[in-house]
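Colleague: Residue numbers (this note's numbering), protein chains in the order written: chain L, 1 to 326; chain V, 327 to 580.
The hints are simulated quantities; they were obtained by calculation from the structure and are not laboratory data.
Treat the hints with care, since some could be wrong.
Stated by the list, open to error - Residues on chain L that point at chain V, a partial pick, calculated with CB under 8 Å: (1) Arg80; (2) Pro82; (3) Ala211; (4) Gln215; (5) Leu220; (6) Asp223.
The beta carbon of each residue, even a glycine, is placed where N, CA and C say it ideally should be.
Each chain, letter by letter, is given below.
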Amino acid sequence: MRRAVPLAALLLLVIGGFAAALLVGSVPLSFGEVMGALGAGGDPPAQIIVRELRLPRALSAFCVGGLLALVGALLQVLLRNPLADPYVLGTSGGAAVGALLAMLTGAAGIGLGGAAFAGALLSTLLVFGLARSGGDWAPTRLLLTGIIMASAWGALIAFILTIAPEQNLRGMLFWMMGEIRPGDLPWPAILVLSAMLLVSWLLARPLNLLARGEQQALTLGVDVKPLRNLLYLLAALGTATAVTLAGSVGFVGLVVPHLLRLLGLRDHRLLLPACVLAGGGLLLLADTLARTLWAPQQLPVGILTAALGIPVFLFLLLRTRAVLPS
Amino acid sequence: MSRLQLRRLTLRIGLVDVCDALDLEFAPGQCWAILGRNGSGKTTLLHTLAGLRSPTGGGLYLDGADLATQSRRSIARRLGLLPQDSRDAFPASVLETALLGRHPHIGFWGSEDATDRRLAQDALHRVGLAGWDERDVATLSGGERRRLAIATLLTQDPQILLLDEPTNHLDLQHQVELVGLVAGLAQQRQKTTVMVLHDLNLAARFADHCLMLFGDGSTIAGPCREVLQQRSLERLYGVPLRQVAQKPPAWLPS
Chain L
1 MRRAVPLAAL LLLVIGGFAA ALLVGSVPLS FGEVMGALGA GGDPPAQIIV
51 RELRLPRALS AFCVGGLLAL VGALLQVLLR NPLADPYVLG TSGGAAVGAL
101 LAMLTGAAGI GLGGAAFAGA LLSTLLVFGL ARSGGDWAPT RLLLTGIIMA
151 SAWGALIAFI LTIAPEQNLR GMLFWMMGEI RPGDLPWPAI LVLSAMLLVS
201 WLLARPLNLL ARGEQQALTL GVDVKPLRNL LYLLAALGTA TAVTLAGSVG
251 FVGLVVPHLL RLLGLRDHRL LLPACVLAGG GLLLLADTLA RTLWAPQQLP
301 VGILTAALGI PVFLFLLLRT RAVLPS
Chain V
327 MSRLQLRRLT LRIGLVDVCD ALDLEFAPGQ CWAILGRNGS GKTTLLHTLA
377 GLRSPTGGGL YLDGADLATQ SRRSIARRLG LLPQDSRDAF PASVLETALL
427 GRHPHIGFWG SEDATDRRLA QDALHRVGLA GWDERDVATL SGGERRRLAI
477 ATLLTQDPQI LLLDEPTNHL DLQHQVELVG LVAGLAQQRQ KTTVMVLHDL
527 NLAARFADHC LMLFGDGSTI AGPCREVLQQ RSLERLYGVP LRQVAQKPPA
577 WLPS
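In isolation and in its complexed conformation, chain V is listed as follows:
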């Protein structure tokens, strides 16, 4: 069971203060939503959590060891990232793309075996792309490509999953299904999931923890039922809100 800890993490990009001396732990079984306006540093924070960029101050600890000192391969076995967008320069098939997720688990001299292929096909099945193995990725629609990217992450099967706007390009049905799937990984398989979400109501429905980034260095973090308060949300998004449901809570701009 891997844990990711933020110790006095400070992150600045240009004029934006993403967070200031933030102490936080993402523990197994938790499903986090990161909320904030455009440009408040959600993606930057997620990339920092994945070790793709170094923090301005403080540190990140994966299983107690400084993330910056660990090899990419060893990190990739425990922590995976779904990027906001993916672009393909070369032709590739659906199964090949999902199989890439097995890379950190295969030794230098090894290659994908039947088990890896089964894991990839299973992941494709879970995102609704079963039987599409040989399809060329270039022929997929935006939403189908998004589901394929999620399948690659599921094939990687890390303990900690970081997802940057997983619902991008997805229709309503798949938004609910896939965010539900990710939340289920936390509840049923004790994974740690951290999602950047723009849909406040999806976050309120599926996440159990929430981190709000205000863009001025201040943050609010904690269990959703405690921190998802109308006043903080109005401050977060800068628009007046009207609560339209209680369990789970839902808001609309008023």
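Isolated chain L (complex conformation):
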């Protein structure tokens, strides 16, 4: 049970994050008002603020952060590279091209999310197809293909920004910087996150082995090929869902898994749920700050994730006496 202590602490952080997200804002609400609005009662203005504005937004932030951190952990194992993050396979670039094209053609109103999702999925499938066209794919090959695709998308994005009319530019730039947008309850993301956590948690023990290398995993009884394909599918789906909801929010997917590993959560049975809690909690706090610090102006949430996470990460990195693998 000693092993579950970090998870309990992270759970408290998430509960605190949700409380802050629901209480704080341009209209201050008391604890009683929020609880009333969440339940059946409460007066109508508070009910609208909590149920239709703050709760959906808080859940979106939590899901995006949780998905990014979970996908980051999975991809770091799949590519056996500590520098892997959810966007390493060109996913965010593909999503951005999809979203910007939708804005450019004026289709944004009806299908911005769909276009971004399609772009993200298209990009990951392209990378996967290209990387394995020579038969079996190796992590390095996959990584290189992803990086090349990302720069291809980058060039395309620069082109779209150049030809886009002036009045679209600000919206496009903000989309790419990543922001949690107000909206309905994010049911697709909630479902994807729950399903992904469940499936990947069941695979946690094989993941512990895969992290030691394919050969070691095979000789200790892990059927590596289907596992790799499944991981890839999960990563593609998770990243596409997160990018659709919030654009590309940097930092969370790369750093949260490492942060937790530095804290001693190395077994994936603990690391994966901890990633969801820590990534979700971090983005929840960051988004609450993003919409209140500079109110009424909103800051891109990526600025806040960096401001909150980087000092913590550097502190842990410097404090940890353990030698990092070279």
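Starting from the structure of chain L, add chain V where the hints point.
Modeller: Relative to chain L, chain V alone:
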């Protein structure tokens, strides 16, 4: 008691003929040494024996069934491999690493229990890493890491143990101790052990069977006292040798 049989096994990599229609059985209680020059295909053969790659021709049979048709999990319960080198991308502790060996024995819903932990600690004790449970693997020296990899294989406790250059990075004392330990598994616990070795004299001292790979498809296999002849060894390594001891036999380049 698991048996591994090679039936007309043919293995080619690039221009190298590792073996050609080789019939051989690795039986319980035998300790084999695989000898050959660099690039003669020793590691490739060992990986093929572990089912990590498919042979060019012929087949491998574990307990009478084709290795290619068996699940990795079922193979891993009976056959284990010590890879030539291991590299860690993520931090891990010594005990966690040894415990990985229990994976094939634990059900899908299960997790490591006290017995598994005891087996892992016992294996760590046998390779001289007792009490190092919580040490970070990244802080170990090359030789200590090698002993940890051997402990992981001992924790897996398969009937057939394939070891690729187990003496890599080991000092003289640990070379003798650990090859002795592996040979002892065959003699005392009726395990089948197959080691790729570069040290001819360690092989002559501890192994009872020997397989020589000449790299041109020809092989010599059999009990050491029959096949370890100076002329074959000189042909194998391409250098003149001088025998310096009789029991066990030992050679030096002359």
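Colleague: Just pull the numbers of the violated hints for me, sorted ascending.
Modeller: No hint contradicted; all consistent.
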